[in-house]
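Chains G and S are the protein sequences, given in the same order. The letter at position 17 of the first sequence is residue 17 when you use my numbering, and the numbering goes up by one with no holes. Start counting at 1 in the second sequence, then tack on 1000, and there's your number in my numbering.
Keep in mind that the hints were calculated from the coordinates and are not lab data. Being a predicted model, the structure only gives us computed values, none of them experimental. Backbone N, C-alpha and C fix where the C-beta goes; we use that ideal spot for every residue, glycine too. Among the hints, erroneous ones may be present.
Some chain S residues judged to face chain G by a derived CB distance under 8 Å, without partners named [what the hints assert, rightly or not]:
1. P1026
2. W1045
3. G1076
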Amino acid sequence: MFFFTKYIYQILDRYRTHLELIDTIPIGFTGVASERPAAVFTNEQSEDLLYFAAGVSFSNAGAFVRIRSISPQYEWMADDSAIPQDTPINAIAGVFSQALPILPLVQPFFVKKQGRLQMQFTNSAAAPTTGGLWTWRALRLTNPIIDARGSGWDYSLGFNYS
Amino acid sequence: MNSNETTRLHRIETGDWVGSAWRSSPKWTPYAQAIADHYPIQVPWYSTHTVTPNNVNSIPTVVVTRPNLYDVLIVGASAAVISVGDPTFSQIGLFGLQVTHKQTGIPWVAPNTIGFSPFAAFAGINLNPTPIIKLPEAFFLPARTQLKMEWVKLTDAATSAYTIIFTFVGVQLVNHASGFQAPEWITMPNGNTILVGSRLPWFGTIPFGTRNAAGRVFGAYSLNQGQQVVQFLPPSDCSVEIHDAYTNVETGSTFGDSPILLTMKITDMRAVSDWTPGLTPVTAVFGNETQVFPDLSFTKPHLLKVGHRTAITMQNNSTAVQALSGTVTLRGVRLCEY
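All chains should be modelled from the sequences, with the hints used to inform the complete structure.
As structure tokens, this is what we get:
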């Protein structure tokens, strides 16, 4: 059910071992309409990671999220409007009670070790959620191949990859 | 017809004809992959837009996306619907969408009787089994260009007020190499070199029925009980790979009888032996947003050659009620080189 594109195979090929990682982060909604709790981050890992899919522990069509990676910083959501519109959670993450409780990213995302994803949530204006858990399904990339290109994968490596 | 299309008669270059569901294949289409191969950094991308379509009359509401910093491949779409007074979302199928790339002026929806497709033919609907659906082909949106979205009510009946939060889902393609320019030509798996932009999402929507004499206004479509009608898509100016099909007759139209009583037959007018030999319930051919495959795939994409057109014979077998505001949508890939 996950997407394995050529880009992802190029990354996987730079590591000898790929280990399952499931990372759950509490969102911290307090049930207040339209609240924006402090941004939450994925847990830092000591290995490089590929994030493949996400799911949430609640069902709320009116809750939103804005995601960016930290180190390096890439915005996932278009944000060049004067008032950027955040993205409904259901467009990114599966819902626990639905047919697809984990929803795959169309392009798994690579994060270097000690890197993180930042998620800024906004609660529903009409039917706010209390609590809430966000879960990432990922692969830990261990035992990197070390050669003239470096160790494992890096963002710059694709320029020289054949 | 160019050499690419000749080859496609034998092999349709859509990978394993990637289906409508978000998880239906672990790969992208060969076209999308060939474009992405030019970029060493690929980042998920979501572009979300809020619109409250005009629910009083059928005057379009226009939303224009903002230019993006990077080139983007748009692979699918999702929509959240916030309704007023109608929590069942039963009227989702009554709001239509047309998407046009402003740089090229090419629309995604075929300009036929309606010229719009229900937005659930583009996007999965939030809490349904498939919250994101794929476009029939990924759309390459060059950096600093825009999409225009036109929203319109497809019926003249009263509808609730809706706010639709529409999200394009795709991948940002990043290449910081000095002097890099987006690819203009790519090589497909069969060795053919084609222009970027020569495979575009295509939607063809046909009303289920006709506009009656008393209601000759946009959106007044109906098929009375016991009646049959034939509707056509316009002759295509390019060949089209038709992949899958969506209908709103179960979720948007006003039809108070079993949907299996609505039957239809699809015909390629230049190859009349193709497709359904007899009338088939719409539920066996068309999907809707409440199902795992909102755009129900054909067994294999059908190549509608340039100049051909599609006819759909529709029949209402109900003895009691007419079908109002129903539409059927074919989805595919438009093959043109501009």
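A quick look at each hint next to the structure:
1. Residue-level restraint check for P1026 of chain S holds (minimum Cβ-Cβ distance to chain G is 5 Å; threshold 8 Å).
2. Using the Cβ-Cβ criterion of 8 Å, the hint placing W1045 of chain S at the interface with chain G is satisfied: the shortest such distance is roughly 6 Å.
3. This hint holds: G1076 of chain S has a C-beta 7 Å from the nearest C-beta of chain G, less than the 8 Å allowed.
Consistency note: the structure conflicts with none of the earlier hints.
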